[in-house]
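Colleague: Letter by letter, the chains look like this.
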Amino acid sequence: MKLSIKTIVAIGIGAAVFIILAKFAAIPSPVPNTTIQTSYAFLALMAIVFGPVAGALIGFIGHALNDAISYGSVWWSWVVVSALVGFLIGLAAKKINIESGKLGTNKIVTFNIVQVLAQGIGWFLVAPLLDILIYAEPANKVFVQGLFAGVSNMITVGIIGTILLVAYGKTRSQGNSLHREM
Amino acid sequence: MNKTVIEFKDYSFKYHSQIEPTLQDINLSIQEGEKILIVGRSGSGKSTIGHCINGLIPFSHKGDTAGTLNILGQDANTLDIFSRSKMVGTVLQDPDGQFIGLTVGEDIAFSLENSLTNQKEMHSIVKDTAAMVAMEEHLSSSIHHLSGGQKQRVSLAGVMVDDVDILLFDEPLANLDPATGKSAIELIDRIHKEMNKTIVIIEHRLEDVLHCDVDRIIVMEDGRIVADMDPDTLLASNILEDISIREPLYVKAAKYAGCELTANMKPAHISTFDVNRCRNQILSWYNQFEAASFTSKSERILELQNISFSYGSGGKTIENVSLSIEKGEMVSIVGRNGAGKSTLSKLICGFIKPNEGKILLNGLDITNDSIKQRSERIGLVMQNPNHMISKHMIYDEVALGLVIRGAAEAEIKERVEKTLKVCGLYPFRNWPISALSFGQRKRVTIASILVLNPDIIILDEPTAGQDLRHYTEIMEFLSELNQHGVTIIMITHDMHLMLEYTPRAIVINDGKKIGDTSAVEVLTDSALIQDANLKETSLFELANRLGVKNPLDFISRFISFDREAKQKWQ
Amino acid sequence: MAVEMLSYIERNTPIHRLTGVTKLVCFILWSFAAMLTYDTRILLFLFVLGIAIFIVSKIKLREISFVLLFILVFLLLNNAAIYLFSPQEGVKIYGSSTVIADFFGRYNLTLEQIFYQFNITLKYFTVIPVALLFIVTTNPSEFAASLNKIGVSYRISYAVALALRYIPDVQRDYQSIALSQQARGIDMSKNEKLFKRLKNAASIIIPLILSSLDKIETISNAMELRGFGKNNKRTWYSARAFQTGDYLTLIVFTLILIISLVVTFYDGSRFYNPFV
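Chains as they are written, first to last, in this note's numbering: chain A, 1 to 182; chain B, 1 to 570; chain C, 1 to 276.
One thing to keep in mind: the hints can contain errors.
Unchecked claim - Which bits of chain C does chain B cover? Going by a derived footprint, with three or more residues having C-beta under 8 Å, they are:
#, region
1, 37-45
2, 153-167
3, 195-209
4, 228-240
5, 257-268
Simulated from the structure, these hints should not be mistaken for laboratory data. Beta carbons are placed, not taken as given, at the ideal position from N, Cα and C, and that holds for glycine.
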């Protein structure tokens with residue numbers, strides 16, 4: 001499949017934004033020493049706007065580059081999960097059709113069902129399995145880790161992701177019934 | 001010799017997203033080797049003509065066309081965007097968006113890479129082209145170490161590697177300081193003369209482009225061509241005034257004085273302009289005014305004492321700067337890009353803390369106050385309004401700061417509505433911000449700061465990218481606020497803004513304060529002008545050529561007359 | 001949170017002189033070897049070799065100290081977590097239990113557990129020097145060309161180049177947006193309640209996203225106007241030709257991977273078991 005220039009640029013810039021959000025826009029969470037990652041809310045929006053392939057690549061490139069430049073090594077198991085989450089959420093792009101500008105309650109519900117399912121598969125299942133496979137880490141540890149990451153990302157995407165989606169949707173609607181009020 | 005390279009015939013264009021056509025009945029032909037300037041207000045269709053020539057219309061922006069467009073003798077409809085890019089090279093307005101390579105060499109090579117040029121050949125073409133724009137010493141420099149002017153030269157080289165016949169410049173002066181803009185215009189002129197390219201420049205800053213000769217000026221208004229003539233004839237006419245495009249200041253002065261200009265007085269350039277034919281008129285016009293006087297204020301509101309600051313281990317970004325701002329003043333801070341102007345404003349707002357020195361507000365030391373504490377008193381309006389706007393509706397955006405501070409709903413409503421009225425946005429209060437123009441958005445951001453009742457507002461380049469009408473709108477609005485007692489500090493490299501609206505100017509260079517005097521004096525002091533990358537105003541040269549004894553006074557009188565005249569058509 | 005970033009450190013060493021492609025392929029081979037094996041002998045061998053290569057590269061420890069510090073803290077926490085969750089994992093893997101200290105319940109400290117956790121840590125230590133080197137000795141300009149050469153489509157390779165190019169721009173935008181929103185009183189820190197914190201974060205992210213979408217528009221126009229995507233291939237200004245050193249390095253690294261795999265799986269298990 002040939003990606004359009006705009007999709008390629010969206011992947012590149014999307015990955016850059018993903019990295020900056022991951023590095024700078026992490027919000028302190030109620031659990032000590034952990035942060036809430038706003039970058040996944042952004043990833044979800046990009047996946048809805050630009051589709052599954054862009055979603056997967058933004059997750060992959062963004063996560064891998066961020067690991068590399070911030071930590072000097074790449075945690076491939078979790079990188080793969082970011083790509084998968086971007087891809088799965090992107091599958092709902094057609095159904096949500098955000099460019100139409102009409103974002104009713106049922107579309108917001110669809111978005112949240114999809115994001116919860118996608119992240120469930122990713123963080124509860126794939127991430128722990130890969131950790132066991134690659135690093136032979138204890139099963140109960142990696143499942144708890146995945147559970148925590150998954151739940152906190154589901155909440156973040158559920159709140160911030162929804163806000164972003166609605167905000168983006170509003171910029172797409174053509175306001176042609178505007179008139180000045182005195 | 002007279003080969004037509006671009007020809008529009010009865011051409012019209014309508015964007016799919018719009019109801020009215022953006023271009024109507026365009027008939028325009030451009031000959032090989034000509035240098036053309038297209039002027040017009042924002043929304044006049046001048047950029048759209050550019051997009052039609054380089055192929056972004058119809059390949060990137062969709063719409064309906066009628067009539068014909070031929071480029072180098074071929075029907076544009078039969079050309080794809082790639083063959084179009086071999087004919088027309090476009091230098092876009094935003095240098096950071098156009099510079100896609102990590103280094104100078106890579107960026108210049110971008111187009112060659114796409115057409116599968118082999119590496120050895122590519123390196124030699126890149127080297128030769130870089131030499132044409134004097135960037136051959138910087139081939140391995142990263143983009144992040146270049147100045148705005150250098151980035152633009154790289155962009156130019158990047159389109160010249162294709163040996164295109166037509167070079168199209170979309171608002172080349174928009175992001176440059178005055179002196180850099182001047183050298184950009186000189187570079188374009190050199191390329192035009194040495195390589196016999198056809199040059200099309202789209203720009204509304206007419207006087208700055210006319211620093212070098214152009215063959216013809218096309219004036220656009222409401223999607224139509226309203227004039228297509230040589231610069232001398234155009235400047236002698238009233239066409240520009242009618243559509244409120246800023247004429248060169250010396251021309252304006254002559255017109256205010258009631259001179260009848262003709263094309264053979266050569267008004268296109270101050271040095272060719274035949275001032276003798278209207279000397280008496282201008283002088284008697286000048287003598288009829290009282291000398292302008294500025295009332296000096298007395299109460300100090302903000303004071304910086306020996307402020308120094310450096311980012312990390314590098315040299316000092318700000319070195320021992322002391323200045324004071326009086327209550328109710330309107331002041332410019334000027335200087336070249338990277339001189340430290342923005343750092344200074346960040347220090348004042350508390351985004352960064354000085355390594356040495358003190359900041360006083362109303363006589364109280366605020367050096368250690370937090371961003372939030374200072375924000376109650378000092379507001380900062382960013383250059384790009386899109387960097388500040390996060391709400392969908394105007395009302396909510398303006399209310400945001402109050403909502404966050406937990407103000408009562410009734411109070412919020414009252415203050416927001418009052419601010420919206422002051423800013424002329426009240427009729428739009430229930431509009432989405434996305435429906436507003438750039439200038440209106442700027443107003444929304446000013447309103448969102450103003451609503452917090454700050455004592456001082458700092459604005460970073462308040463008029464960047466605005467045409468004369470929007471510029472006047474924003475600036476008149478700001479000076480009205482100023483008259484209501486708000487102290488205003490502006491960071492700018494628009495010299496006209498400084499002359500026209502701020503009696504005092506502070507000049508920063510290499511992190512040091514090198515000037516603090518009246519705006520008129522700054523713009524007539526050649527040492528300051530050179531250090532700060534500014535440009536002398538043509539009024540100064542006019543005054544000298546007329547033999548006026550006190551050129552500074554001449555400029556001041558012109559400015560106050562001009563402001564009154566413009567307020568009338570506002 | 002590490003706010004500093006690793007970037008290319010220019011030196012003239014044999015490691016720097018290798019082409020980006022060689023370094024990329026070697027990094028991948030090495031990662032595979034280190035990921036697949038749990039054989040202590042192999043891991044030790046790779047670790048020592050990794051340190052040796054690191055010394056050749058003349059990269060100084062203090063240039064990467066902030067990353068090392070982060071990794072050490074991470075490994076410490078990770079080890080603690082493993083012990084907390086599964087103190088007898090080593091016993092399960094190696095099939096014997098040599099208790100050296102009695103603690104309550106299942107938290108008996110065994111030699112097997114220590115050896116297992118030592119192996120996990122060692123595994124990280126084999127990958128880290130090489131990964132770090134790959135990042136700080138590869139010129140970013142060459143990176144996209146290298147990806148393309150090993151078979152990634154040039155479009156996706158270029159997306160990676162764009163990400164590297166625009167990270168500083170996006171960072172600058174983010175910082176100015178965050179500052180101007182803070183000046184209006186928007187707070188993302190612990191001073192606010194969680195839900196409000198999340199909402200406040202959105203008001204910083206929204207302007208960043210909208211201005212990034214504008215950027216996407218401008219950049220794609222610029223690329224289109226300069227002929228990107230015209231052909232099925234493209235050439236690269238910064239690509240470098242293979243030298244003898246590149247071929248040799250590739251052969252050596254391929255052999256390392258093969259030998260590691262053979263030694264590791266010779267006895268049918270990923271783990272080297274000293275307890276039998």
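Colleague: Indicate, hint by hint, whether the structure satisfies it.
Modeller: Status of the hints after comparison with the structure:
{"no.": "1", "hint": "37-45", "in the structure": "violated (count 0)"}
{"no.": "2", "hint": "153-167", "in the structure": "holds (count 4)"}
{"no.": "3", "hint": "195-209", "in the structure": "holds (count 6)"}
{"no.": "4", "hint": "228-240", "in the structure": "holds (count 11)"}
{"no.": "5", "hint": "257-268", "in the structure": "violated (count 0)"}
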